[in-house]
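Please work from the sequences and hints to get the whole structure.
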Amino acid sequence: QKEVEQDPGPLSVPEGAIVSLNCTYSNSAFQYFMWYRQYSRKGPELLMYTYSSGNKEDGRFTAQVDKSSKYISLFIRDSQPSDSATYLCAMSGRAGGTSYGKLTFGQGTILTVHP
Amino acid sequence: ETGVTQTPRHLVMGMTNKKSLKCEQHLGHNAMYWYKQSAKKPLELMFVYNFKEQTENNSVPSRFSPECPNSSHLFLHLHTLQPEDSALYLCASSQTGASSYEQYFGPGTRLTVT
Numbered sequence: 001q002k003e004v005e006q007d008p009g010p011l012s013v014p015e016g017a018i019v020s021l022n023c024t025y026s027n028s029a030f031q032y033f034m035w036y037r038q039y040s041r042k043g044p045e046l047l048m049y050t051y052s053s054g055n056k057e058d059g060r061f062t063a064q065v066d067k068s069s070k071y072i073s074l075f076i077r078d079s080q081p082s083d084s085a086t087y088l089c090a091m092s093g094r095a096g097g098t099s100y101g102k103l104t105f106g107q108g109t110i111l112t113v114h115p
Numbered sequence: 001e002t003g004v005t006q007t008p009r010h011l012v013m014g015m016t017n018k019k020s021l022k023c024e025q026h027l028g029h030n031a032m033y034w035y036k037q038s039a040k041k042p043l044e045l046m047f048v049y050n051f052k053e054q055t056e057n058n059s060v061p062s063r064f065s066p067e068c069p070n071s072s073h074l075f076l077h078l079h080t081l082q083p084e085d086s087a088l089y090l091c092a093s094s095q096t097g098a099s100s101y102e103q104y105f106g107p108g109t110r111l112t113v114t
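Top to bottom, those sequences are chains A and B.
Numbering of the first sequence is given in the numbering used here, commencing with residue 1 and proceeding in unit increments.
Numbering of the second sequence is given in the numbering used here, commencing with residue 1 and proceeding in unit increments.
Some hints could be false.
Stated by the list, open to error - Straight line, CA to CA, 27 Å or less: simulated BS3-like cross-link-like pairs of lysine-lysine:
(1) Lys2/A x Lys22/B
(2) Lys70/A x Lys41/B
(3) Lys42/A x Lys19/B
(4) Lys52/B x Lys42/A
(5) Lys40/B x Lys42/A
(6) Lys41/B x Lys22/B
(7) Lys52/B x Lys18/B
Treat the hints as calculated values from the structure; they're not laboratory data.
Okay, structure coming up:
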C-alpha cells in the first residue's frame with residue numbers, strides 16, 4: 001500500500017466549476033499537509049499548507065484535513081483556465097529531528113479547466 | 001537570477017557517460033533537496049542536505065552521487081546510469097526546521113539515458 005494515494009485523473013471541468021481534489025494516506029505520523037501546483041515544464045510551487053486537522057481558505061482555494069479519516073482535500077471555486085495544472089498533495093511527519101524536509105508526495109492529479 | 005535555477009534543462013547521456021546536474025538557490029535557504037519525477041509515479045525524495053550536511057539518502061543507488069559545497073549550490077553527479085533512470089530531476093530548497101514543508105523547486109533537468 002502506498003503511503004499517499006491520489007487519483008491521477010485526468011480531470012476536465014468547465015470554467016467556473018467547483019473542483020475537488022483528494023488524497024488519502026496511511027501514515028498517522030503525518031502532521032503537515034500541503035498542496036503543490038505544477039504547471040507544464042515547471043517545478044512544483046506551494047499552493048496551500050495546513051498543520052494538523054482543520055480547514056484553511058485562501059481566495060478561491062480551500063484546503064481541508066480530516067486526520068481521523070486520513071483524508072485531505074483541496075477545493076477550487078470558480079475555476080479558471082489558468083488553474084489547469086497538475087496538483088500534488090504532500091505530507092510530512094512530526095516536527096523535529098530528521099522529519100524536517102522529508103515530504104511524501106501523491107502521484108498528482110492532472111486538471112484541465114476549459115473555457 | 002532569482003529563486004532556484006537548474007542546469008542543464010535537458011540532458012541526453014549514454015549509459016557509460018559521466019555528467020553532472022547543477023542547482024543553485026538565491027533564496028538564502030539552508031536546506032536543499034534532490035527529487036526524481038517519473039511519469040505516473042509520485043515525486044521521489046532522493047537526498048536532503050541541511051547546512052551542507054547530508055541528512056537523508058533515500059536508498060538511492062550509488063550511481064547517483066550528490067555534492068553540496070555550500071548552502072547555495074547542489075550537484076548531482078551521474079555515472080553508468082540505466083535507461084530506467086530517465087526522468088525529470090528536480091532540485092528544491094527551503095528554510096530548515098519547521099518551515100521545511102515550504103520548498104521552492106527549480107524547473108528541473110529532463111534526463112534521457114540511452
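Results for each hint:
| no. | hint | in the structure |
| --- | --- | --- |
| 1 | Lys2/A x Lys22/B | 31 Å, violated |
| 2 | Lys70/A x Lys41/B | 21 Å, holds |
| 3 | Lys42/A x Lys19/B | 22 Å, holds |
| 4 | Lys52/B x Lys42/A | 26 Å, holds |
| 5 | Lys40/B x Lys42/A | 17 Å, holds |
| 6 | Lys41/B x Lys22/B | 23 Å, holds |
| 7 | Lys52/B x Lys18/B | 23 Å, holds |
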